[in-house]
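Trainee: Chains as they are written, first to last, in numbering that gives the first Met the number 0: chain A, 0 to 247; chain B, 0 to 483.
The hints are simulated quantities; they were obtained by calculation from the structure and are not laboratory data. One thing to keep in mind: the hints can contain errors.
Stated by the list, open to error - Some chain A residues near chain B, calculated using beta-carbon distances under 8 angstroms:
hint : residue
1    : Cys52
2    : Gly53
3    : Pro78
4    : Ile87
5    : Leu89
6    : Leu93
7    : Ser109
None of these values were measured; they are calculated from a predicted model. The C-beta atom is built at its ideal place from N, Cα and C for all residues, glycine as well.
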Amino acid sequence: MSAIITISNLKKSYKGNPDEILKGINLEIHEGEFFGLLGPNAAGKTTLLSIICGLLSFSEGSVMVKNIDIGKHYRRLNPIIGLIPQEIALYPTLTVKENIAFFGEMHGLSGKALRDAVSHYIEVVKLEHHANKRISNCSGGIKRRANLVAGLIHNPEIIFLDEPTLGVDAQSMNLIYDYLIHLNGSGKTIIYTTHYMKEAETMCNRVTIIDDGTIIANGTPTELIAANDACNDLGQVFLKLTGRELRD
Amino acid sequence: MKQLRAIIRKEFIQIIRDIPGLIILFLMPLILIFAVTGTQDNAFKKLYDNKADILFVNNDNEYLGKSIEDGLNKSGYFHVIKQIGNTALDTTMAQREIVAGNYQVGIVVQKDATQRAKAKAIRRIQKSFANDTTPTSADLETLQTDNVSIYFDPTTRDSYKNAVTSSLQRLVQSVEIKIILNTFFEALPAQLNTQLQPPIKNYLLGQLKVMEQVFTDELKKRMGNNLPSDFKIDAQPREVKFDLTEDLRKGIKFNDNLENDNLILIAQRNAQSENAVIKPTLVQNNVPAFALFAMFFIVIPLAGSMLTERNEGTYNRIRTLPVTYFTILWGKIVVYAAICLLQLALMILAGMYFLPLIYGMTPLELGSNHLALILAALASAFAAIGFGLLVGTFASTQSQAGIFGSFMVLILAILGGIFLPVYMMPKPLQLVSIISPLRWGIDSFLDIFVREAGLKVIALNLIRLTLFFVVAFMCAILTFVRRK
Chain A
0 MSAIITISNL KKSYKGNPDE ILKGINLEIH EGEFFGLLGP NAAGKTTLLS
50 IICGLLSFSE GSVMVKNIDI GKHYRRLNPI IGLIPQEIAL YPTLTVKENI
100 AFFGEMHGLS GKALRDAVSH YIEVVKLEHH ANKRISNCSG GIKRRANLVA
150 GLIHNPEIIF LDEPTLGVDA QSMNLIYDYL IHLNGSGKTI IYTTHYMKEA
200 ETMCNRVTII DDGTIIANGT PTELIAANDA CNDLGQVFLK LTGRELRD
Chain B
0 MKQLRAIIRK EFIQIIRDIP GLIILFLMPL ILIFAVTGTQ DNAFKKLYDN
50 KADILFVNND NEYLGKSIED GLNKSGYFHV IKQIGNTALD TTMAQREIVA
100 GNYQVGIVVQ KDATQRAKAK AIRRIQKSFA NDTTPTSADL ETLQTDNVSI
150 YFDPTTRDSY KNAVTSSLQR LVQSVEIKII LNTFFEALPA QLNTQLQPPI
200 KNYLLGQLKV MEQVFTDELK KRMGNNLPSD FKIDAQPREV KFDLTEDLRK
250 GIKFNDNLEN DNLILIAQRN AQSENAVIKP TLVQNNVPAF ALFAMFFIVI
300 PLAGSMLTER NEGTYNRIRT LPVTYFTILW GKIVVYAAIC LLQLALMILA
350 GMYFLPLIYG MTPLELGSNH LALILAALAS AFAAIGFGLL VGTFASTQSQ
400 AGIFGSFMVL ILAILGGIFL PVYMMPKPLQ LVSIISPLRW GIDSFLDIFV
450 REAGLKVIAL NLIRLTLFFV VAFMCAILTF VRRK
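Could you put the whole structure together from the sequences, leaning on the hints where they help?
Mentor: The following block contains the structure:
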């Protein structure tokens with residue numbers, strides 16, 4: 000598999016704070032991979048994800064996504080990526096359907112193509128009965144599912160998911176897993192961050208554990224478990240590598 | 000274009016579903032204009048149209064007391080109350096009623112006020128004839144005692160106090176003149192014999208001689224040869240009978256209606272251009288002021304919408320969309336500009352129909368410069384949106400934007416002269432008011448609505464309003480780009 004994302008010596012620090020959030024990250028993500036980006040709080044996951052999506056600038060290094068230099072032409076990336084942020088990035092006073100349609104229109108969909116896409120995605124995440132409910136009146140699970148498809152309506156090649164199952168019930172979580180596995184199966188590259196290790200172990204082809212702005216482990220879940228003595232799952236590997244100290 | 004349409008639709012849906020926001024945008028300014036205009040109108044009416052209740056205690060019961068009472072009744076401004084229930088008012092009771100807040104004003108004419116006024120008049124006449132004017136201590140007491148007292152409720156506004164006091168002063172002045180005249184005529188015969196007669200006599204004789212000469216010269220000039228050469232006016236003066244006192248007494252009768260018979264009439268007129276047909280009224284002044292005030296309150300929903308996007312994740316998602324922030328902002332601008340124009344239209348309707356209907360005021364007139372009106376409306380709407388964009392860009396939280404935005408609108412409105420005309424402000428505030436976009440807008444509308452000005456006159460303010468929007472818009476775009 001060829002690399003769809005190539006990150007070289009990536010460094011990031013914020014103005015007024017000399018500490019680097021990312022300290023020279025080197026990483027390749029391959030086309031069609033279900034890639035897990037793991038790490039404790041404040042490790043730099045969301046910063047790394049934001050840089051790859053073109054939302055944040057970086058101090059040093061380079062990021063190439065599908066041969067597009069993000070440092071220079073990040074806007075060229077917009078049509079091919081789909082971002083599902085941690086927050087419910089929807090308009091509360093708009094209905095589920097109106098929200099999904101709006102993001103579809105922003106990606107250039109219109110007319111029948113838009114209507115078909117909206118119906119399709121509403122059906123996929125089983126929101127038919129809630130399509131006309133305002134987001135502000137929906138449950139957490141419905142919001143999460145709507146949030147997911149709002150980032151997918153334009154059928155992007157690369158999908159960034161930042162803790163997409165945060166705070167949802169088992170049923171919604173299961174539906175999201177199934178659909179993501181289906182998407183990955185259809186050739187989409189998925190970059191996924193989560194705090195649920197079981198989730199990452201089950202779904203991801205490969206994971207990278209990042210801590211204090213540095214990659215501390217990289218490989219398939221099986222490889223990582225095998226490489227760490229006395230660890231039977233990814234959760235144990237994670238704790239072994241990042242320690243048991245609380246992170247704020 | 001499709002994206003812009005979608006953004007406009009999204010913004011429109013968001014706005015119409017935000018009921019509290021709609022109340023702030025449309026109902027609040029309407030309530031405000033009804034409340035403020037109604038209050039101002041009532042305050043003016045209270046001063047000049049409606050009869051104000053006034054307690055009146057007449058301890059004098061002579062000419063002065065009676066004249067003041069008659070004057071108050073005839074003035075048409077006051078409803079004179081001399082008794083409450085069946086009890087006749089005295090000074091203590093009147094004070095008690097005013098302190099209790101039941102009445103705002105009371106007038107007490109003191110005992111022997113007429114006599115004291117006469118005594119003062121006599122002293123003044125004596126003074127003018129250079130008689131000995133050194134007053135005795137008893138005279139001094141008479142001269143320094145108040146004749147009339149006005150009592151006010153402590154909560155009464157100064158403007159109302161001044162209006163009542165000046166009305167009473169005008170009344171008292173006319174009574175005072177009558178007392179002086181009366182006293183003067185009574186004193187005149189004695190003075191004439193001793194001092195006045197010889198100087199007046201000599202003066203009049205001199206005038207007669209001058210007149211004879213002037214008359215003879217004029218006749219000669221006009222008649223020329225037709226005038227007999229021996230023509231001569233008898234320069235010998237006839238006996239002039241000086242019964243001036245009697246003549247004056249016969250000729251100048253004391254007339255009670257004299258106070259309304261002013262020698263010099265003052266007419267209140269508005270400085271307007273020759274072609275002006277609009278009369279400046281409270282409605283003409285208040286509608287543009289409160290329309291601007293309402294338009295600038297767009298800051299709350301607009302900044303709120305920007306901050307919701309920024310703080311709740313949609314901002315990040317928007318930034319990954321293949322659409323420019325320029326387009327996203329324009330989607331907002333189009334919708335909020337439409338709302339501002341709708342607000343203005345609503346305020347104009349209120350001025351044209353609702354205010355006249357409810358308060359019976361003269362309806363708002365829009366003037367004849369419709370193009371200037373449209374441009375002023377657009378420029379003001381865009382300036383209001385510019386202010387919203389600035390607050391939405393630089394505030395961090397919704398509450399920050401809400402509190403800062405509303406306070407700033409209030410401050411800019413005060414500086415803009417919405418509650419008190421700019422010319423009544425202290426000089427430093429007048430200077431600061433020049434930077435208030437609300438003032439630029441209000442001035443433009445006042446120029447159109449009240450002075451019937453054209454585009455040329457409002458051009459500078461239109462440029463200021465537009466530039467303010469452009470700068471605010473650029474700030475929003477640049478900040479978006481820099482936030483990366």
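Trainee: Look at each hint and say if it fits the structure.
Mentor: Evaluated hints:
1. Cys52: Interface hint status for Cys52 of chain A: holds (6 angstroms vs cutoff 8 angstroms).
2. Gly53: Holds: closest Cβ of chain B sits about 7 angstroms from Gly53 of chain A, inside 8 angstroms.
3. Pro78: The hint holds - Pro78 of chain A has a Cβ within 8 angstroms of chain B, the shortest such distance being about 5 angstroms.
4. Ile87: 6 angstroms, holds
5. Leu89: 7 angstroms, holds
6. Leu93: Where the cut-off is 8 angstroms and the nearest Cβ of chain B is about 6 angstroms from Leu93 of chain A, the hint holds.
7. Ser109: 6 angstroms, holds
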